[in-house]
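Going down the list, the protein sequences come from chains A and B. The numbering of the first sequence is this note's numbering, which starts it at 60 and goes up by one. The numbering of the second sequence is this note's numbering, which starts it at 49 and goes up by one.
A couple of the hints might just be wrong.
Stated by the list, open to error - Just a few of them, taken from the derived set where beta-carbon distance is under 7 Å, the chain A residues facing chain B:
#1 V209
#2 A210
#3 D212
#4 D298
Worth flagging that the hints you see were computed from the coordinates, not collected in a lab. Only a predicted model underlies this, so the values are computations on that prediction, with no experimental measurement involved. All residues carry an ideal CB built from backbone N, CA and C; glycine is no exception.
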Amino acid sequence: MFTNNPFAAVTDFFSPLAMQIYIVLMVLAVVIGTLLDVYHKGSAKFFAQRKAKSRAAAERPLSGGETFSLALETVAEAGVSGEFCKWPRRLSHLLMMYGFFIYITTTVVLVFCYPSAASVPAILSGLWTLGASMILAGGLWFFFLLRVNVAFDGDSPFHLGRADLFVVSLIASVAFALLWNYAQTAYANPAATWITFGLYIFFTTLLFVGVPWSKFAHMFFKPAVAFQRRVEEANGSSDLPSPSAENYIVRS
Amino acid sequence: MPTYTDMTRCDGCGECVDICPSDIMHIDPIYRRSYNIEPNMCWECYSCVKACPQNAIDVRGYADFAPLGHKVRVLREPEKGVISWKIRYRDGRLKEFAFPIRTTPWGSIKPPQDYEKPDMSAIGSQMLAHEPEALHVEFPVLPAYKTRA
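So here's chain A without its partners, still in its complex pose (with noise of 0.2 Å):
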């Protein structure tokens, strides 16, 4: 199971090609979804007033240099998910982060560089598991005890609404990814592995497709804002009061 490409498999019935055109499509679908949220939204709009009002209420203006630090800083604070505070919600969004982001690229190198190879290096393929795994793991935890709307709104752990559309496209998505692997390997029946394939691509589909719907545009948005909050606290326009000078915990 952990040398196996699951990709190689497909081009019995589909040509490499039709898989690299279905992930290029499905990347257009992204950047077409998140283009439509930007014009809904009127995100545009909104960050390009905020700039301007922030540029206008600034109390010293930045140079380069120094925005270029801020830039780097909101990398750093994004890699390690530092805009949650609470360490559950942190861990779960960094295992679906980082696993999402090994299983998107180990997919990518499956399927363009090794498109009908049966056998691939293990390192590819466990990574391809493991960036699965991550994501199941921590879609899970997340979708069934740290869901807000299910720890304090008091919601149904199996409560489905638009806001998971998300987060279940993406679960489904990957464990039907596992499975149709696990298919493959270790079962060997062509109609679960037919089954689980179909699956796959329909979950795979609409995480990509449901992006004007879904929430899949905040890893774009999120790190936008956080760097523009960066840069009114650094330029003085922030409306937050300024932090104490004193602390006045005395006593432990």
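Could you slot chain B onto chain A? The hints should help.
Chain B alone, transformed into the frame defined by chain A:
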């Protein structure tokens, strides 16, 4: 004016939902961020404003310290035991206030259920439950009451 959540700051942690005494802070079913479901039932207790770890909730100040047309922002610094307020008045003036809120670390006060259950003899005591240890003071030993012979 009721509370207002800045969606770009909120990370959907649920602290405001948990603390709202009116139970009107809920989670948006589309964006999974908090919002006030019943603005006219908000009595502006500021609980959610002070509980929000992301400083994402904005509220209008009471009329006795900020007349109409202003904006109030709050900064929560639990590690320093202080909450600061910044008021932007409608004529553009800015005022900042820092309010110490406690002298012990956030979350360090034990809730009543974490103390041992008092036995029945405690019902005859003049002290309240878990006193004096819950007050972090040593209770003075009072001299015995002397009765006249």
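Verification of the supplied hints:
no. : hint : result
1   : V209 : 9 Å, violated
2   : A210 : 6 Å, holds
3   : D212 : 5 Å, holds
4   : D298 : 5 Å, holds
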